Amino acid sequence: MTTTVITAEAPASPPAPRKRKAAGGSQLWRYLIVRLLLILPTVFILVTMVFILMRTIGDPITAALGGRLSAVQLQERIHAAGYDRPILVQYFEYLGQIFTGNFGTTISDNQPVTKVLLTYGGATLELAFYALIVAFIVGIPLGMLAAYFRDKWPDALFRVFAILCYATPVFFAGLLLKLVFSVWLGILPVSGRASTSTELDIELLPHPTGIYLIDAIQTGNPANLADVLTHAILPGIALGLLTAGIFLRLVRTNVIGTLSADYVDAARSRGVSEYRLVRRHAYKPALIPIITVIGLQIALLLGGAVLTETTFEWKGLGFMLAQYLGARDFVAVQGIVALLAVVVAVTNFIVDVIAALIDPRVRY
Amino acid sequence: MAIDTADQGVALTPRRPLWTRIPVVHQVRQSVGLQRGMLVAGLIIVAIFVLTSIFAPLLAPFGYSQLSDAHGNFGAQKPPSGAHLLGTTVGGYDVLSRVIWGSQTALFVIVVAIVLSIFAGVLLGVVSGYLGGWLDRILVVVCDAIYAFPTLLLAIVMSIVISGGRSNLVGGVFAAAISITVVFIPQYFRVIRAETVRIKAEAFVESAKVLGASSGRIMFRHILRNATRTLPLIFTLNASEAILTLAGLGFLGFGIEPTSAAEWGYDLNKSISDVTSGIWWTSVFPGLAIVLAVLGMTLVGESLNDLADPRLRTRRRAVGSPPPAPTSDTAPEASTDVVGDLALEVRE
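Residue numbers (my numbering), protein chains in the order written: chain A, 159 to 522; chain B, 160 to 507.
Keep in mind that the hints are not guaranteed to be accurate.
Said to hold, decoys possible - Calculated Cβ distances over 10 angstroms to all of chain B for the following chain A residues: (1) Ile-203; (2) Leu-303; (3) Thr-326; (4) Ser-349; (5) Pro-443; (6) Val-464; (7) Thr-468.
What the hints assert, rightly or not - Computed beta-carbon distance windows for the label pairs: (8) B:Leu-210 with A:Gly-254: 35 to 41 angstroms; (9) A:Asp-267 with B:Phe-214: 46 to 52 angstroms; (10) B:Gly-192 with A:Ser-427: 26 to 32 angstroms; (11) A:Pro-366 with B:Glu-416: 38 to 44 angstroms; (12) B:Ser-227 with A:Lys-273: 45 to 51 angstroms; (13) A:Val-348 with B:Gly-291: 54 to 60 angstroms; (14) B:Glu-416 with A:Trp-342: 31 to 37 angstroms; (15) B:Ile-203 with A:Gly-254: 25 to 31 angstroms.
Claimed, not checked - Straight-line alpha carbon distances no greater than 25 angstroms define the calculated DMTMM-like cross-link-like pairs of lysine to aspartate or glutamate that follow: (16) A:Lys-273 with A:Asp-309; (17) A:Lys-473 with B:Asp-433; (18) A:Lys-473 with A:Glu-361; (19) A:Lys-442 with A:Glu-432; (20) B:Lys-429 with A:Glu-357; (21) B:Lys-237 with B:Glu-361; (22) A:Lys-473 with A:Asp-487; (23) B:Lys-429 with A:Glu-361; (24) A:Lys-310 with A:Glu-361.
The set of hints was computed from the structure by calculation and includes no laboratory data.
Small disclaimer: the values here were computed from a predicted structure and weren't measured.
We put the CB at the ideal spot given by N, CA and C, even for glycine.
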C-alpha cells in the first residue's frame, strides 16, 4: 500500500528545476509527462482530504443507519465493514481500492459506486455538453461584439448581460425558465430527461449508452429524438448561461488585447474588412486563454450540474449526489466526490495539452 | 509603495490627500464614463444590501419565522396582497420579511467567510512565498488541488463535517462561512504568494535583511504591506461567490433551519414545487434578492479589475490639461495573474 503513496507524492518536487534545463524538441514531451504526473498528487490530495473530513464525523454506517438499528446490530455492521479498525489501515485500504478502481459500495441501496457512476454519469456528461454548446453560441460572438464596440452602448449591454448570467444562481435561472416556458407558456416540459414513452423505448435498446441523445438516435424514431431534445433545452440554457457569461467576459478582455496589437493595425491598413479583422485576426490569438479557462469551467459545470439536476430532476450524478446526501449515505458521497476529483484532474490535463499544442509558449 | 517608480522623482511629488488613497474612493476618481457608471451602480446596490441587512429588524414587517399575527395565521401560498406585499410561502412565512431578513444572514456569512479566509490565506501566502522550500511546494500543490475542485462540492463536504447538515443561526452561519473559507483560502494564497515572491527580490527587502531584521519583521512589516494591493479586488469577487455558495448549500438542504434564520437558498428549494403549479412569488423574490446582491458586488469587483488592468482601463481624454503624472499607487503591472514555480497552468 505504501508504494501508492510514494508514487503519488514523488512528482511534486522534481518538475521545477528540470524545467529550466530542458531545451530542444523534447520540451513538449517533457511538459506533457510532468503535467501527466501532476494529476497524481492532485487526485491523491483531494481523495485524502475527503477521506479525512468524512471520517472525522464518525463511521458511515452509524451516520446512515444510526436511529434505525439497535446498538448491537450497528456494531455488527460496523465490524463486518471493517470500520472498527485503526483509521490508518482503513485509509491505506481505501487508497488501494481507489487505485484499482473500486470506489466502495453505497449503504442506502447497496450498489457499487462505480455502477452508480456508470449509470448516471452519462446524463451529467450530456447536460454539460448541452451547456457548453449554449455557452459557446452565446458567449463567444457576444464577447467579440462587446470588444469591438468597446465602451459604447452594445458593450455596456453585453457586459451587464454577462454579469447577470454570472450573478444568477443556476437554480434560480432554472426555476424562472421553468415558470415562463413550462408553466405559463406551456411549450417545454417541466422536468426530467425524456417522456415515459421515450424512456421505455430506450430501455428496450440492446446497448443503451446512458446518453439519451445517442440512445434516441439508436431507437430510430425521430419523435424520441425530438422529445429528448425538448427536455434538454431548459436545463442546457440554465447551466449554459452561467458559463456563457464567463466566456463573454473572457473573449471581450482578450479580443480587446489583440485588437490593439500592431499586426491588427497593419491588417487594417492593408484594407482587411472590419468583420474579418475581428473574426480572424483578433479572435484566433485570443482563443488560447479561453481554451485554458474551459478547463476551469469543467469544475464549475460539475458544481452547477448538481444544482441544475436537482432543479430539473435530471437523473444524473449531481441529482444522485443530492439524494445520497439526503440519505446521509457518505460512502456514496465520498465515492462520487473522489471520482469527480479524477474527472476534474484529467480534464485539466487534457485542456493543458491542447493549450500546449496550440501555443508553444505554454510549454516553458 | 514608492519602490517601482523611485527613479521617476516620486519623492518630489507631494502625496495626495488621504481620502483619495482609500482603495475604492481612489478607483471611483480614477474611472471615467461607462466604467464609472458600472462602479457607482455596483456601490449603490452593495450599500442598499448592507443597509437592508443592518436595519432588517426595522424594515421587515414580520419576523423571519413568524407564522401568525393578531389576525390569526398567515396561511400558506397566499398571493401578494395588502397584508403580505409579496405573498406567503408554502410554510406560511411572509415572503417580504424572509427576503429582508435573508440579507442579514448573507452579510453575516460573507463577513465571517472573508475575514477567516483573508487571515488564513494571506498568512499562508506570505509565509510560504517568503520562506520557500518544501513547505512552499506542498502548499502550492495542495492549494492547486483544492482550487481546481468544484467549490460547491467542497462546501457540501465541509458543511457535513462541521454541522452534520443543518443547524441554528450561529452554528449554521459559521458552518456555511467555514465551508466557504476552505474554498477561498487557495485564491488568497495564490495571489499573496505570487506578490510575495515578486517583492522578496526587491532591494528594500535585501537592505532590511542586511540591517538584521528578523524574517518575521520582514514578512509582516515590509512584504505584507506591499502585497495587499489586489485584496479589494478578490474580496469583492469572493463576496459574490460566498452568497452564491451559501444559496447553493441552502438549495441542496445544507443551509440554516428556517426557524433559526432566513436564508434565500432554502426558500428557493421549498419553492421548486410551487413553480410547477404556477405560484411564482415564492421563488421570484428570494431569487431576485440573490441576483441583486451578487450583481452589485460583481459590478464593483469587475470595475476594480478593469481599473487595475491597464489594457482595460478607459483613460480620461486629455482636454487642455496635461496627462496626469504616473502616481506610485497605481503600479500598472498590478495583475491577478499568478506565476508560481509550478506555473504549468495558465489561469485567468
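Now for the hints, and whether the structure bears them out:
For Ile-203 of chain A, the shortest C-beta to C-beta distance to chain B comes to about 4 angstroms, within the 10 angstroms cut-off, and the non-interface label is violated. For Leu-303 of chain A, the requirement that its beta carbon stay farther than 10 angstroms from each beta carbon of chain B is met, with the minimum near 15 angstroms. Its beta-carbon lying about 5 angstroms from the closest one in chain B, Thr-326 of chain A breaks the requirement of being farther than 10 angstroms from that chain. Not every Cβ of chain B is farther than 10 angstroms from the Cβ of Ser-349 of chain A; the closest lies at roughly 8 angstroms, contradicting the non-interface assignment.
No Cβ of chain B approaches the Cβ of Pro-443 of chain A within 10 angstroms, the least distance being about 14 angstroms, so the stated non-interface status holds. The beta carbon of Val-464 of chain A sits about 6 angstroms from the closest Cβ of chain B, which is not more than 10 angstroms, so the claim that it is off the interface is violated. The claim that Thr-468 of chain A lies off the interface is violated: its Cβ sits roughly 7 angstroms from the closest Cβ of chain B, which falls inside the 10 angstroms cut-off. For Leu-210 of chain B paired with Gly-254 of chain A, a C-beta distance near 56 angstroms fails the hint of 35 to 41 angstroms.
Range check, Asp-267 of chain A to Phe-214 of chain B: about 49 angstroms between beta-carbon atoms, so the 46 to 52 angstroms window is met. At roughly 28 angstroms, the beta carbons of Gly-192 of chain B and Ser-427 of chain A sit within the given window of 26 to 32 angstroms. For the pair Pro-366 of chain A and Glu-416 of chain B, the supplied restraint of 38 to 44 angstroms holds, since their beta-carbon distance comes to about 42 angstroms. For the pair Ser-227 of chain B and Lys-273 of chain A, the supplied restraint of 45 to 51 angstroms holds, since their beta-carbon distance comes to about 49 angstroms.
At about 56 angstroms, the beta-carbon gap between Val-348 of chain A and Gly-291 of chain B stays in the expected band of 54 to 60 angstroms. Taken as a hint, the range 31 to 37 angstroms holds for the pair Glu-416 of chain B and Trp-342 of chain A, whose Cβ atoms sit roughly 33 angstroms apart. Under the hint 25 to 31 angstroms, the C-beta atoms of Ile-203 of chain B and Gly-254 of chain A, about 57 angstroms apart, miss the expected range. For a cut-off of 25 angstroms, the pair hint linking Lys-273 of chain A to Asp-309 of chain A is broken: about 52 angstroms separates their Cα positions.
Between Lys-473 of chain A and Asp-433 of chain B, the direct Cα distance comes to roughly 21 angstroms. Compliance with the 25 angstroms bound is thereby established for this hinted pair. A distance of roughly 15 angstroms separates the Cα atoms of Lys-473 of chain A and Glu-361 of chain A; the hinted pair therefore holds under the 25 angstroms criterion. Between Lys-442 of chain A and Glu-432 of chain A the alpha-carbon distance is near 15 angstroms, which keeps this suggested pair within the 25 angstroms criterion. In summary, the hint linking Lys-429 of chain B to Glu-357 of chain A is not supported, as the alpha carbons are separated by about 28 angstroms, beyond the 25 angstroms threshold.
For the hint pairing Lys-237 of chain B with Glu-361 of chain B, the CA-to-CA distance comes to about 65 angstroms; that exceeds 25 angstroms, so the pair is violated. Taken as a hint, the Lys-473 of chain A and Asp-487 of chain A pair is honoured in the structure, with Cα atoms around 18 angstroms apart against an allowance of 25 angstroms. For the given pair, Lys-429 of chain B sits about 32 angstroms from Glu-361 of chain A by alpha-carbon distance, which is inconsistent with the 25 angstroms threshold. For a cut-off of 25 angstroms, the pair hint linking Lys-310 of chain A to Glu-361 of chain A is broken: about 54 angstroms separates their Cα positions.
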